[in-house]
Amino acid sequence: MSDETRQVDDLRMTSLTKKFGDHAAVDDLTLTIPAGSFFALLGASGCGKTTTLRMVAGLEDPTSGSIFIGERDITHLRAFERPVNTVFQSYALFPHLDIFENVAFGLRRRGVKDVKATVESMLELVELSPMARRKPTQLSGGQQQRVAVARALINRPDVLLLDEPLGALDLKLRRQMQIELKRIQVEVGTTFVHVTHDQEEAMTMADTVAVMNSGRIEQMGHPADIYELPRTVFVANFLGQANLIVGTRAGNAGADVVVSSFGQSFAVPSERVFAAGSDLIVGVRPEKITILDLVDAGRVPEHHNRITGRVTDVSYTGVSTQYLVKAPWEQELIVFEQNVVVGDRSEVGDEVVLHWSPKHTFGLDGSSGTTVGVDPEVLELEAVNQSLVADDAEA
Amino acid sequence: MRWLRKNLIGIVAVLVLVYLFIPIAVIMALSFNNPKGKFNLSWNEFSLDAWTDLCGVPGVCSSFVTSIEIGLVATLGATLLGTMISFALVRYRFRGRSTTNLLIFLPMATPEVVMGASLLALFLNMRLPLGIVTVTVAHVMFIISFVVVTVKARLQGMDPRLEEAARDLYANPRAVFRYVTFPLVLPGILGAALLGFSLSFDDFIISYFNAGTLVTFPIFIWGAAQRGIPVQVNALASLVFLVALAIVLGGQFLGHRRRKALENPKPILVDTLSRS
Chain A
714 MSDETRQVDD LRMTSLTKKF GDHAAVDDLT LTIPAGSFFA LLGASGCGKT TTLRMVAGLE
774 DPTSGSIFIG ERDITHLRAF ERPVNTVFQS YALFPHLDIF ENVAFGLRRR GVKDVKATVE
834 SMLELVELSP MARRKPTQLS GGQQQRVAVA RALINRPDVL LLDEPLGALD LKLRRQMQIE
894 LKRIQVEVGT TFVHVTHDQE EAMTMADTVA VMNSGRIEQM GHPADIYELP RTVFVANFLG
954 QANLIVGTRA GNAGADVVVS SFGQSFAVPS ERVFAAGSDL IVGVRPEKIT ILDLVDAGRV
1014 PEHHNRITGR VTDVSYTGVS TQYLVKAPWE QELIVFEQNV VVGDRSEVGD EVVLHWSPKH
1074 TFGLDGSSGT TVGVDPEVLE LEAVNQSLVA DDAEA
Chain B
76 MRWLRKNLIG IVAVLVLVYL FIPIAVIMAL SFNNPKGKFN LSWNEFSLDA WTDLCGVPGV
136 CSSFVTSIEI GLVATLGATL LGTMISFALV RYRFRGRSTT NLLIFLPMAT PEVVMGASLL
196 ALFLNMRLPL GIVTVTVAHV MFIISFVVVT VKARLQGMDP RLEEAARDLY ANPRAVFRYV
256 TFPLVLPGIL GAALLGFSLS FDDFIISYFN AGTLVTFPIF IWGAAQRGIP VQVNALASLV
316 FLVALAIVLG GQFLGHRRRK ALENPKPILV DTLSRS
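First to last, the sequence lines map onto chains A and B. Our numbering numbers the first residue of the first sequence as 714 and each following residue consecutively. Our numbering numbers the first residue of the second sequence as 76 and each following residue consecutively.
Hint data in this document are derived by calculation from the structure and do not stem from the laboratory. Since the structure is predicted, the reported quantities are computational estimates derived from the model, not experimental observations. Here a beta-carbon is modelled for each residue, glycine too, at the ideal position from N, C-alpha and C. Wrong hints could be hidden among the right ones.
To be verified - Some chain A residues judged to face chain B by a derived CB distance under 10 Å, without partners named: (1) R767; (2) T799; (3) Q802; (4) L810; (5) A966.
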């Protein structure tokens, strides 16, 4: 498919808004998705990512705003007139047609006479040639998923939309399909817009990730950039895990902003601070923290941020060890340590010192609290745990 | 005792099946009888007379053909109307939709005697001559409800994303219907048609009220029962049963091959035949 050079255009949305009653599912979204990129729209359910996708597909009418492919306004084209195809969440394969006819469907509707060669080469691309005459229900989940991709891609759309395409697969198959999809995207060079709630999936597959929250884009960029330097509490919590410590702006020291919290001070490079007010949240990713026994406190590099605390939980996960460390102000910090040295682990009850480089620290706006973007179930669990601990203390 | 406990379910199942199929077996067996006297009630001697001369009794074949004709026309009309009603009820939001939903089932709940009698009153008031037209109109009326129930269920069970996928794949509204919606609803429509035909073919009460001088197969049998049912009736009934069985088995076979069974019309047909 890639032997033919063809003009691919950017997908642009300007002030795109969709309201259901009073609720804005998508709120004034302006976004350019470069041609040929693998773009992920990441967010929790109800954040508006699927609605955005459906508007691009033409399955939902925007309340206001426009959608362009290149210079062409497609906002008011109907779904079957758009150069856009979709891989649906549950694949939506036609159960009454065999695999060949499913894949040929789009070509036939556009009046293409000889579909055989095209369909066969497409089935080859997704490695399903022997299944051509089977019915969708006779295929496994992963195979159905590949049919759905083939059925959409065969039409050579300008943009391929993927709506949680791997949601129905088990973990191992999902990993496999992530690599597979990425391979297909590189091979055909079509713009892929991938909607998912799985942050790991978004980071593994996409060149560019946009994190969505209540109808807006919170942050957009290369997965590593967003992970290393989240600009909002939501992004810090939604993408991976983060230790967030509330504090106030205490002044500047050289190129660093000094934040004081709970009687301690932390340094954050000023270009890594994304807040104008005096309420600041200091953030650091768990794997950036080094854990040392208190007796070794002298080994902490001079400019590092540090916290002393007591280990409350150790879990060994093979690749790494996860520690929970209680800071003097009762907050539990999470630390990941690579299992490089065998038999040198801290234990529950150990007094330790945590330290990390200011380079890995980020400063966020402190006005909205530290729990935005945390999975509500996790919060609930934490609350239960805390009340259990409190009960223990009373007893 | 242990043997009994192990096989109890099988024994009960066989007993129930015997209970269900004995009437049909009796009808079939007696179609090969050469009765002594007028009444074909007790076994006399084996004979193929009824099978070799199916129309040997005056009126039996003409009434049979009449019933088939009415069944086909009424089924066609009711299936068409019922399918369109189902689409309207499932796909569109309009004023009076829920009321229509309710009223459409009323004919199913109305006692047939009442419906037959009131239809007769209606036709008389309209000065419509009783005959094949009035019977067909009456049949269409009561079959529609059954068609709507069946087709609506099929339509509601359909994944709306399939039609979206078709739209997404360059199918205009007409193509979506032709290549996706219709083929997916078709098994429901076929099931409804089979059910409708058997209801029409089987109907006695409503037909009797509105037939005038017209004689349908059930009306013929009822009339003949007074004087002794000819063996040909058994033969014809057996024939219908065998045809229905062939349709069901064929459908199951096709459905099995296509991994998608029809709406399973088997029990309905068997039930209808055992009564006719």
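Right, here's what the structure says about each hint:
Because the smallest distance between the Cβ of R767 (chain A) and any Cβ of chain B comes to about 9 Å, under 10 Å, the interface hint for this residue holds. Taking 10 Å as the C-beta cut-off, the interface hint given for T799 (chain A) holds, the closest approach to chain B being about 5 Å. Taken as an interface hint, Q802 (chain A) checks out: its beta carbon lies about 8 Å from the nearest beta carbon of chain B, inside 10 Å. Given the 10 Å rule on beta carbons, the hint for L810 (chain A) holds: about 8 Å separates it from the nearest Cβ of chain B.
Because the closest C-beta pair between A966 (chain A) and chain B is about 57 Å apart, greater than 10 Å, the hint is violated.
In the structure shown, a violation is registered for the earlier hint numbered 5 alone.
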